[in-house]
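If you're matching them up, the sequences are chains A and B in order. Just so you know, my numbering puts -6 at position 9 of the first sequence, and the rest follows in order with no gaps. Counting the second sequence from 1 gives a position; my numbering is that position plus 23.
Derived by calculation from the structure, the hints in this document are not laboratory data. It should be emphasised that the depicted structure is a prediction, and the values quoted were computed from it without experimental measurement. Accuracy of the hints is not assured; some may be wrong.
With a cut-off of at most 27 angstroms between alpha-carbon atoms, the simulated DSSO-like pairs for lysine-lysine come out as follows [claimed, not checked]:
| id | chain 1 | residue 1 | chain 2 | residue 2 |
| --- | --- | --- | --- | --- |
| 1 | A | 293 | A | 207 |
| 2 | A | 107 | B | 200 |
| 3 | A | 51 | B | 54 |
| 4 | B | 54 | A | 107 |
| 5 | B | 211 | A | 101 |
| 6 | B | 211 | A | 293 |
| 7 | A | 51 | B | 200 |
| 8 | B | 217 | A | 51 |
| 9 | A | 177 | A | 190 |
| 10 | A | 282 | B | 54 |
| 11 | A | 293 | B | 200 |
| 12 | B | 200 | A | 22 |
| 13 | A | 51 | A | 101 |
To list a few chain B residues with every Cβ distance to chain A over 10 angstroms, as calculated [unchecked claim]:
| id | residue |
| --- | --- |
| 14 | 35 |
| 15 | 55 |
| 16 | 78 |
Heads up, the beta-carbon is just placed ideally off N, CA and C, and yes, glycines get one too.
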Amino acid sequence: MPYEALDFYDVDSLLTEEERMVRDMVRDFVDNDVLPKIEHACRDGVFPDEWRVTLGEMGVLGAPLKGYGCPGLSYTAYGVICRELERGDSGLRSFASVQGSLAMYPIWDFGSEEQKNYYLPKMTSGEWVGCFGLTEPDYGSNPGDMITKAEDKGDHFLINGAKMWITNGTIAQVAVVWAKLDGVIRGFIVEKGDEGFSAPEMKGKHSLKASVTSELVFQDCKIPKDRILPGVKGLRGPFSCLNNARFGISWGAIGAAQACFNSAREYSLSRIQFEHPIASYQLIQNKLSWMLREITKAQLLAYHLSQKKDSGEWIPEHISLAKMNNVDIALEIARVARDIHGANGILDEYPVMRHMANLESVKTYEGTHDIHNLILGRHITGIQAFTRGIN
Amino acid sequence: MTIAVLLKQVPDTTAKIAVSGGRVDQLSVSKWSTSPYDEYALEYALKLKEAGAGNLVAITCGPQRASKMLTDAAAVGADSMLHILADTSEMDSEQIQSILAAAIRHCEAEIVLCGKQAADTNSGSTGPGVASRIGAACVGMVSEVEVEGGSFSALRASSSGNERVSVSKPCLFTFDKAATELRRPNVKGIMMAKRKVIETVSPQDLGVEIGDSKVNIESQNSPPEKPPGQKFEGAESVPIVVLKLREEANVI
Ligand SMILES: Cc1cc2nc3c(=O)[nH]c(=O)nc-3n(C[C@H](O)[C@H](O)[C@H](O)COP(=O)(O)OP(=O)(O)OC[C@H]3O[C@@H](n4cnc5c(N)ncnc54)[C@H](O)[C@@H]3O)c2cc1C
């Protein structure tokens, strides 16, 4: 049976024709190229390289960026792309989020003309993969205290330090790395093969298995002077990237939730216990109607947020709310769907446990659920509660 | 030179079809798609265009909703689109053929590709009918077409294997399932499609007087429901199962 996305309020009817065509294109890719391969990719712990190629051919990488060969779509279209990709797998969506919002975006917004002309065409075509190095072993939610540093050596920069949990790290040609230069956070472009730079893969994940996660190690890493991003200083740099990626995640999570809902609905209609389909029992129906309710709310939230993003009338807190809410309900829906599938729910014949495990990462990266609570708490009260001592 | 591909919008092969008052209830169809054989025709029309055989025009005759197919065709590379806006649900094949033939003349197309039959009516008359009206050579049920100098060579199944047929223009090919992948659009194509304008005309605009349909569909009804499955257990039921497979299911 072809995929029929749950869309109770027909929210997709609000999309433009172009956005719907982009949706159908990505949906077709997920149905024909991703779903038949995803369980193998997860078992082997690899991101299939042909997905990179096809994402580039479809022209969806860096979706909302304009110029330099980039697609120039709306943020709404970017959201739709994320949703359709994550219906396949959060690892696939992560690849696209990192490439577009975390690696291409900072070059596009803060890079020099030369940097934009050099990197962006190669990245939107998928020829070059990018990664984003912010998190360090000792600094996750608190990146402002990072210890990776860059020194100006006259004719080059010298970078020392380590980044951890970096999506696409090992397969990337381009790493956008945030490091302190004279105590101020700056963005640097490090290329694969640069002296003193390595990106070993982290193994043993139970989540996002079809996504590459790596360490970035800088030991007297030497890069030319023209690899600093001239346009931004301080945490505003990485945080503006995160705003865009988080926006995409608020849509992406809906795709994972829709996949789990569909599987739970179908399974409950076909599974007979005590002589009747389990879908005929009120407890199951309660679960399904709760999923329908939460997915519908999440869709409206994401759609409205995307309109604000497209019109420019948004604040980061709007994105925090959508990211935390939509990932939260998607994870909960995946857990309940897993439950409805009984023992079958743990098999890779069904997508639910994979989505559930993936969403644990999605809840953690791009600002943990609770960090977004704290962002909203600060917005409501005017008091920051990230650390002790009111300031 | 102009290449034309004829596209028909049909209920998606997976869509549920409801019948009410002896007619298929069009409003109940949840999803409309391009008829599958037409998609192969489109794919080969694009290949011909890429091989330098000419510009490609995508043509459909149908209600407003059918224009989506034309936009989709533009997204994968059709240069122009012609929509003959008409309610085709009560038209007979002669009427449809005369409209399409006029449309092809209107576009001055000399190479025409279409599906061997539509997924809803399965009548298979459109291709040959249109070919005879425009005076084109008709090669039916092909799975491949190539341009070779001034002529076109098509592959079709014959009783003794495959047959390669060469024709010169004007010519029309009706497509069977082909051993090729259908292309997916990309974002650039989708954005270009948005800028292309669909030429929308009525049959009258093309100078076609369609007259009255000579065929009257008396009624349409759903296929009979499949009888429920039967279950047999144990070795003693083998003879009954064999009997049923032979006498009722006709499979052995
Ligand atoms: C699969 C995966 C891919 C990733 N990809 C990237 C990437 O590409 N680039 C990158 O830079 N990073 C990446 N990350 C890192 C991710 O952004 C961090 O894991 C995240 O920011 C959380 O940091 P942490 O893991 O150090 O947790 P911590 O910050 O140590 O948090 C641990 C727990 O403490 C809570 N906590 C922390 N501070 C507070 C507080 N003040 N008050 C209350 N609770 C608090 C958190 O909510 C969390 O529950 C990735 C992570 C994963 C799992």
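Against the structure, the hints come out as follows:
1. A/293 - A/207: violated, 42 angstroms
2. A/107 - B/200: Measuring from Cα to Cα gives roughly 37 angstroms; hence the hint is violated.
3. A/51 - B/54: violated, 33 angstroms
4. B/54 - A/107: Given pair residue 54 of chain B, residue 107 of chain A is violated - Cα atoms ~38 angstroms apart, limit 27 angstroms.
5. B/211 - A/101: Roughly 20 angstroms separates the two Cα atoms, so the pair holds.
6. B/211 - A/293: Holds, at about 25 angstroms.
7. A/51 - B/200: Not satisfied, since the Cα-Cα distance of roughly 40 angstroms exceeds 27 angstroms.
8. B/217 - A/51: Given that 27 angstroms is the threshold and the Cα spacing comes to 17 angstroms, the pair holds.
9. A/177 - A/190: Distance of about 24 angstroms is within 27 angstroms: holds.
10. A/282 - B/54: holds, 25 angstroms
11. A/293 - B/200: At roughly 46 angstroms apart (the allowed maximum being 27 angstroms), residue 200 of chain B and residue 293 of chain A break the hint.
12. B/200 - A/22: Judged against 27 angstroms, a Cα distance of about 25 angstroms means the pair holds.
13. A/51 - A/101: holds, 11 angstroms
14. 35: Residue 35 of chain B is in fact no farther than 10 angstroms from some Cβ atom of chain A, at 8 angstroms.
15. 55: Its Cβ never comes within 10 angstroms of chain A, the nearest being 13 angstroms, so this holds.
16. 78: holds, 22 angstroms
This entry does not satisfy hints 1, 2, 3, 4, 7, 11, 14, going by the numbered hints stated previously.
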